[in-house]
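Enquirer: Taken in order, these protein sequences are the chains called P and E. In our numbering, each residue carries its 1-based index in the first sequence increased by 143. In our numbering, each residue carries its 1-based index in the second sequence increased by 143.
One should not assume that every hint holds.
Chain copies aren't distinguished; within one or between two, either way the pair holds.
[Said to hold, decoys possible] Simulated pairs of lysine-lysine, DSSO-like, Cα-Cα distance not exceeding 27 angstroms:
1) LYS548 x LYS804
2) LYS640 x LYS816
3) LYS804 x LYS715
4) LYS640 x LYS842
5) LYS363 x LYS640
6) LYS797 x LYS640
7) LYS842 x LYS804
8) LYS803 x LYS842
9) LYS797 x LYS548
10) LYS403 x LYS797
11) LYS816 x LYS403
Please keep in mind that the hints were generated in silico from the structure rather than gathered at the bench.
2 protein chains.
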Amino acid sequence: MNRTDTAVLQTPPRPVSLPRRLALDAGDPQAFRRALRSYFSETFDCTESLFRTLDCDEAWYQRPITLRHPLIFYYGHVATFFVNKLMLTRMIGERLDPHLESIFAVGVDEMSWDDLDDAHYDWPAVERVQHYRDRVRSLVLELIDHAPLALPMDWENPWWAIVMGVEHERIHIETSSVLIRQQRLEWVRSRPEWPACPDSSPAPQNSLVEVPAGHVRLGKPFDSPRYGWDNEYGHHEADIPAFEAARLLVSNGEFLDFVKAGGYGNDAFWDEEGLRWRDFAQAEHPSFWVRKGAQWHLRLMTQEVPMPWNWPAEVNCLEARAFCRWKSQESGLTVRLPTEDEWQRILATSDWQLNEELPANANLYLEHWASPCPVDRFEQGAFCDVVGNVWQWTETPTYPFEGFKTHPIYDDFTTPTFDERHNLIKGGSWVSTGNEAEPDSRYAFRRHFFQHAGLRYVVSDAPIVSEASHYETDELVTQYMEFHYGAEYWDTANFPKALARLAIAAMGEGPRRSAMDLGCAVGRSVFELARHFEQVVGVDFSARFIDQGVALARGDTVRYTVTDEGELVEYKAAKLADLGLADTAARVQFWQGDACNLQPRFTGYDLILAANLIDRLYDPARFLHMVHERLNAGGLLVLASPYTWLAEHTPRDKWLGGFKKDGESWRTLDALKALLGAHFEMAGAPREVPFVIRETRHKFQHSLSEVTLWKRVR
Amino acid sequence: MNRTDTAVLQTPPRPVSLPRRLALDAGDPQAFRRALRSYFSETFDCTESLFRTLDCDEAWYQRPITLRHPLIFYYGHVATFFVNKLMLTRMIGERLDPHLESIFAVGVDEMSWDDLDDAHYDWPAVERVQHYRDRVRSLVLELIDHAPLALPMDWENPWWAIVMGVEHERIHIETSSVLIRQQRLEWVRSRPEWPACPDSSPAPQNSLVEVPAGHVRLGKPFDSPRYGWDNEYGHHEADIPAFEAARLLVSNGEFLDFVKAGGYGNDAFWDEEGLRWRDFAQAEHPSFWVRKGAQWHLRLMTQEVPMPWNWPAEVNCLEARAFCRWKSQESGLTVRLPTEDEWQRILATSDWQLNEELPANANLYLEHWASPCPVDRFEQGAFCDVVGNVWQWTETPTYPFEGFKTHPIYDDFTTPTFDERHNLIKGGSWVSTGNEAEPDSRYAFRRHFFQHAGLRYVVSDAPIVSEASHYETDELVTQYMEFHYGAEYWDTANFPKALARLAIAAMGEGPRRSAMDLGCAVGRSVFELARHFEQVVGVDFSARFIDQGVALARGDTVRYTVTDEGELVEYKAAKLADLGLADTAARVQFWQGDACNLQPRFTGYDLILAANLIDRLYDPARFLHMVHERLNAGGLLVLASPYTWLAEHTPRDKWLGGFKKDGESWRTLDALKALLGAHFEMAGAPREVPFVIRETRHKFQHSLSEVTLWKRVR
């Protein structure tokens with residue numbers, strides 16, 4: 144075991160030197176090769192340097208926290224990642240070491256604290272992993288030097304795998320630095336290349352700064368000259384009302400008041416999730432605080448120091464929220480964490496800029512210390528530490544911007560976190576480099592998780608606006624979302640759209656006041672009918688279906704997965720504006736209802752569309768007996784059905800047709816004529832309209848729906 | 144109640160006059176209208192005349208036997224039939240009386256004796272039905288006189304409905320005459336227009352006549368000038384060895400010896416079905432025999448007469464078989480009923496001809512009596528009564544000829560009897576007219592059923608050859624039969640054929656000795672591969688599937704239904720010869736087998752095709768690990784699969800792909816490369832071949848199968 148005196152660590156500053164970031168628009172291929180060579184190899188070196196803080200086998204092989212692998216895994220993982228992604232873009236055709244690459248493939252990130260990892264691993268020796276890393280380094284350098292390269296460097300470029308690998312490694316340099324900080328102190332050692340900040344003093348007084356109302360426009364274009372992870376691309380805009388924000392990050396000193404006030408023990412300051420975590424963790428103060436008798440110390444990456452009260456408090460999101468609730472009570476103000484949009488407004492109100500010639504005016508890029516520093520050390524306009532020092536929790540669960548799509552070689556980078564349980568952190572920390580250090584980067588962690596992260600609070604009465612990030616995965620709903628709003632397969636035109644057009648055409652110059660789509664499912668025909676009708680009501684028995692239509696009408700992007708093969712999925716999204724239907728939303732309504740027992744309010748329509756409905760009703764004749772009552776005189780009933788009678792939907796004795804009756808074949812069409820004849824005349828001949836429902840990438844239902852038009856004449 | 148003296152009935156003979164039959168090739172439309180007018184109206188009159196034998200309400204409304212409706216039903220039914228069929232061919236657009244037509248629509252024919260009808264009907268008054276019949280008569284005559292008519296008179300002609308209606312009515316004149324014969328004697332009366340034969344004497348001695356070996360060619364062409372029911376069309380040929388046949392029908396006198404010998408009580412003479420019927424019916428002698436003290440009488444249609452021992456015995460098929468078994472025991476010969484083919488040979492050996500100018504030389508066409516007559520009354524060459532007098536049971540369960548198809552307006556005339564339980568009767572009876580009286584008509588009844596039918600026995604050691612008539616209705620088997628041998632849907636080429644061609648093309652100039660189709664289902668690819676390979680083995684886990692391939696290889700026509708809508712079906716058939724595959728049958732074998740545990744014998748192949756197999760195996764990796772052992776060096780493995788992994792077929796932990804593995808998307812194709820790499824090289828790029836499986840007329844599975852070719856190199 145090795146312990147190093149704190150004093151030793153205060154010099155020399157910044158020995159670890161890393162290129163800050165990589166320009167993807169470097170003029171010519173040779174220039175790009177040179178830049179990437181440096182970006183890659185210095186990152187690889189940095190990992191080596193970081194892991195030299197591990198002082199014994201236990202440091203490598205014992206898990207610092209039960210929720211993650213031991214550090215040996217991450218040491219190999221960042222190398223294996225290159226091999227995996229290079230295989231996917233076919234820059235290489237063979238693995239280097241299938242055994243090690245299997246061991247190092249799956250990162251265990253962010254497991255829930257109540258979902259303990261009990262897997263057993265037979266970890267290889269450090270030397271073997273070092274040797275493997277050397278081979279990966281040689282391989283990647285060989286590629287960088289000699290592999291064919293065609294610019295531009297965009298998502299489709301096979302070299303994207305290398306850039307992604309470097310950015311991935313930089314993330315792990317940061318997360319490993321956290322794990323080292325969580326490792327037992329006696330197993331790690333300080334290194335001069337990883338110096339802690341020497342400055343420590345009482346906490347400064349925080350204050351509030353006015354942030355004026357403003358417009359936020361987020362999301363990078365796909366031809367951005369900076370690398371991005373999938374969720375950074377696309378488009379998001381919002382108008383943010385004025386609010387106030389703390390000038391400084393909350394310091395250990397400011398946070399101490401909360402601890403002293405019994406904040407950890409007072410349930411009123413904690414939300415339900417916070418209470419569950421607090422009780423599980425038996426937390427009484429920030430995780431890196433160490434009480435020694437009457438004194439507080441702070442655990443840094445490789446050492447413990449007497450508490451630097453003017454450094455930022457490092458807490459998880461749940462603690463940060465509890466602090467804000469306490470602060471609200473203390474101040475009588477509405478104190479809370481900022482949203483992502485509000486953080487961007489704080490950034491816009493600051494004067495933060497990165498000067499390419501000078502050390503960053505922020506505790507960022509490893510350009511100052513291997514630790515936080517005083518919260519008032521880096522002034523960026525009216526604020527300090529808008530970027531750098533430690534990350535800042537936001538109230539925003541991560542969500543995809545408009546136009547979000549997954550990268551083909553890393554489709555699960557972000558999508559698993561679209562679950563309303565991962566909140567964005569902003570601003571970067573002292574160890575953030577590359578993409579991490581970009582103000583538009585969008586990392587998110589479970590709210591109970593620790594990073595080098597703290598908080599800046601805001602005061603605002605504006606409600607917290609969260610964007611929906613949920614991906615609908617219910618198989619039937621997703622099949623119908625794709626059926627109504629997704630791709631066309633087998634050259635078959637969109638069915639609910641085609642039906643609506645057919646119905647509108649059949650209306651001719653007739654009245655266009657009011658239409659109903661009965662059995663509307665996820666609602667495409669409702670919106671299509673509203674291109675023509677003044678009001679359209681969509682009714683379906685399934686609230687799960689209706690919910691999708693309601694969300695679309697609200698202007699939301701509805702996200703859903705479709706099955707690719709087995710459990711693999713593709714990520715899809717639908718939005719009215721993309722279909723030219725945004726204008727129709729004001730004219731539609733959705734209701735849950737039963738076509739066999741329809742509420743009296745649903746009446747007076749010029750058109751009723753019932754598409755693929757009748758063979759799913761429990762009593763279709765009951766519906767057909769009453770449907771004339773819901774139509775205006777002269778109104779049109781449009782029926783479409785593949786007549787797929789199944790006992791699971793319709794008891795056998797309620798089928799309309801598809802059996803022998805009085806000795807003759809009795810088809811559903813015969814039944815429709817018999818049941819509707821009293822009030823309707825059939826308009827035109829029946830026609831068959833095809834439709835396709837995708838089940839997997841390789842399997843589809845391909846059906847024909849018989850469409851009949853019925854004019855109410857009596 | 145009215146009873147008529149027997150003596151009165153013996154004169155005058157033959158007052159009921161009916162046109163014998165209708166020519167469909169009558170030169171011009173007017174001639175056809177005239178012929179049909181007479182054919183229709185005299186048939187309609189004949190029904191009226193027949194029902195005048197009913198003497199009281201009970202005769203109309205009480206069921207003569209529990210298995211059938213009362214006679215009032217049949218009186219209305221034959222009229223309603225015209226309306227129903229005219230609706231279907233759209234010669235009329237509206238019903239005459241929907242209520243009556245619903246009552247009279249469904250004939251209750253041939254229920255099993257252990258399947259009693261307990262339906263309740265509220266039958267209309269005779270006068271009301273008479274009035275309805277008058278309206279139908281007027282309607283049909285109006286059509287015959289004035290409806291547009293275009294010749295030829297074939298299946299597609301809407302007028303076919305009228306001809307069918309007349310032939311249908313003639314059948315019911317015969318079956319109603321049987322029901323009247325089964326009605327209580329005191330409720331019916333004799334009529335001079337329905338005279339019984341007056342001749343009665345002791346039975347003549349029967350003898351055997353040599354029938355030389357010969358060829359039989361049956362089945363009428365679809366452009367035949369005579370009306371036919373669906374099962375008479377098509378083609379059947381057979382070579383029949385020489386045999387002997389009784390010169391005479393078995394007379395009541397000859398049958399009495401069987402009765403006297405205790406034949407009804409001796410289980411040894413009865414087969415299992417016969418025993419069940421005999422015990423249920425408590426039969427001790429033929430059904431129409433009436434014992435009066437020591438005397439036997441015979442129930443005729445409207446009277447009882449002292450037993451005419453020289454008339455034919457009238458029995459069901461089970462009694463006829465029992466008689467033959469007794470006769471075999473008595474004679475030491477192999478006595479049995481003839482097959483349909485043998486009956487045709489007897490006909491060909493006779494000199495039966497219908498003289499259009501003279502009364503028939505047969506007790507047929509109602510041209511002599513309304514009863515049977517002595518079995519030696521009508522000599523037709525070496526035999527008597529080859530046609531006429533009473534029908535003759537055969538050993539042949541009815542079956543469809545090659546080229547069988549159902550008529551669009553009467554698709555259940557024959558198909559419900561393709562169940563191996565309905566045996567053909569041949570030759571017609573005294574009341575048979577029209578199509579019934581044609582030697583090529585093919586009526587079949589349950590073997591326990593009574594008609595005016597008896598038997599002529601044959602002596603032959605040739606086995607009874609039965610054609611398969613079973614329609615496969617198992618949903619999965621029928622879907623696969625249609626998939627492999629049926630129509631092409633959505634412009635998608637036949638999949639098993641396309642795969643076989645693809646495999647053969649990939650073989651190039653390679654060896655063509657031996658191939659295996661593993662997971663061959665109903666076997667189309669097996670036969671297609673045998674166009675190229677000297678031997679092809681088809682293996683499937685499902686014996687139900689294999690059975691279809693075996694039957695096809697044997698040269699059978701395999702018949703199956705496909706779902707149209709709900710419970711309605713279409714009738715389909717497949718035969719190798721129709722697909723140009725007859726030659727391949729000698730080179731194929733089918734085996735039941737498990738791809739995951741394949742018997743050692745299956746080895747040494749130049750090609751193995753596994754189409755849509757791997758995602759249906761319980762352990763696909765096991766199959767892939769061993770498959771190289773079954774191929775010759777240089778041999779080709781062709782895999783095709785839509786990769787539809789489902790836990791119901793393959794446990795989740797046995798899926799080859801379709802999940803995240805080591806953090807990356809792991810597709811089935813990745814797994815194939817990994818599993819097969821040790822012994823195979825992939826030949827060419829994967830390609831996707833579409834296939835369609837029909838579920839109903841409106842619903843299809845439309846999938847893509849990824850095809851990969853693997854050459855065994857190690």
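Enquirer: Are the hints correct? Go through all of them and say.
Expert: Hint by hint, here is what the structure shows:
Within a single copy, LYS548 and LYS804 get their C-alpha atoms only as close as 54 angstroms, which misses the 27 angstroms cut-off; across copies the closest is 21 angstroms, which meets it. Taking the closest pair of Cα atoms, LYS640 and LYS816 come within 27 angstroms of each other only inside a single copy of the chain (26 angstroms); across copies the shortest separation is 42 angstroms, beyond that limit. Only between protomers do LYS804 and LYS715 lie at most 27 angstroms apart by alpha-carbon distance; the minimum there is 22 angstroms, versus 46 angstroms within a single protomer. For the homomeric pair LYS640 and LYS842, the shortest alpha-carbon distances inside one copy (22 angstroms) and between copies (20 angstroms) are both at most 27 angstroms.
For the identical chains of this complex, LYS363 and LYS640 are neighbours neither inside a copy (33 angstroms) nor across copies (51 angstroms), given an alpha-carbon limit of 27 angstroms. In this homomeric assembly, LYS797 and LYS640 never come within 27 angstroms of each other (Cα to Cα): the closest approach is 30 angstroms inside a single copy and 41 angstroms across copies. Proximity of LYS842 and LYS804 under a CA criterion of 27 angstroms is satisfied inter-copy only: 23 angstroms between copies versus 36 angstroms inside one chain copy. Within a single copy, LYS803 and LYS842 get their C-alpha atoms only as close as 33 angstroms, which misses the 27 angstroms cut-off; across copies the closest is 20 angstroms, which meets it.
For the identical chains of this complex, LYS797 and LYS548 are neighbours neither inside a copy (46 angstroms) nor across copies (31 angstroms), given an alpha-carbon limit of 27 angstroms. Proximity of LYS403 and LYS797 under a CA criterion of 27 angstroms is satisfied in neither setting, with 71 angstroms inside one chain copy and 56 angstroms between copies. For the homomeric pair LYS816 and LYS403, neither the shortest alpha-carbon distance inside one copy (80 angstroms) nor that between copies (63 angstroms) is at most 27 angstroms.
In the structure shown, a violation is registered for the earlier hints numbered 5, 6, 9, 10, 11, in ascending order.
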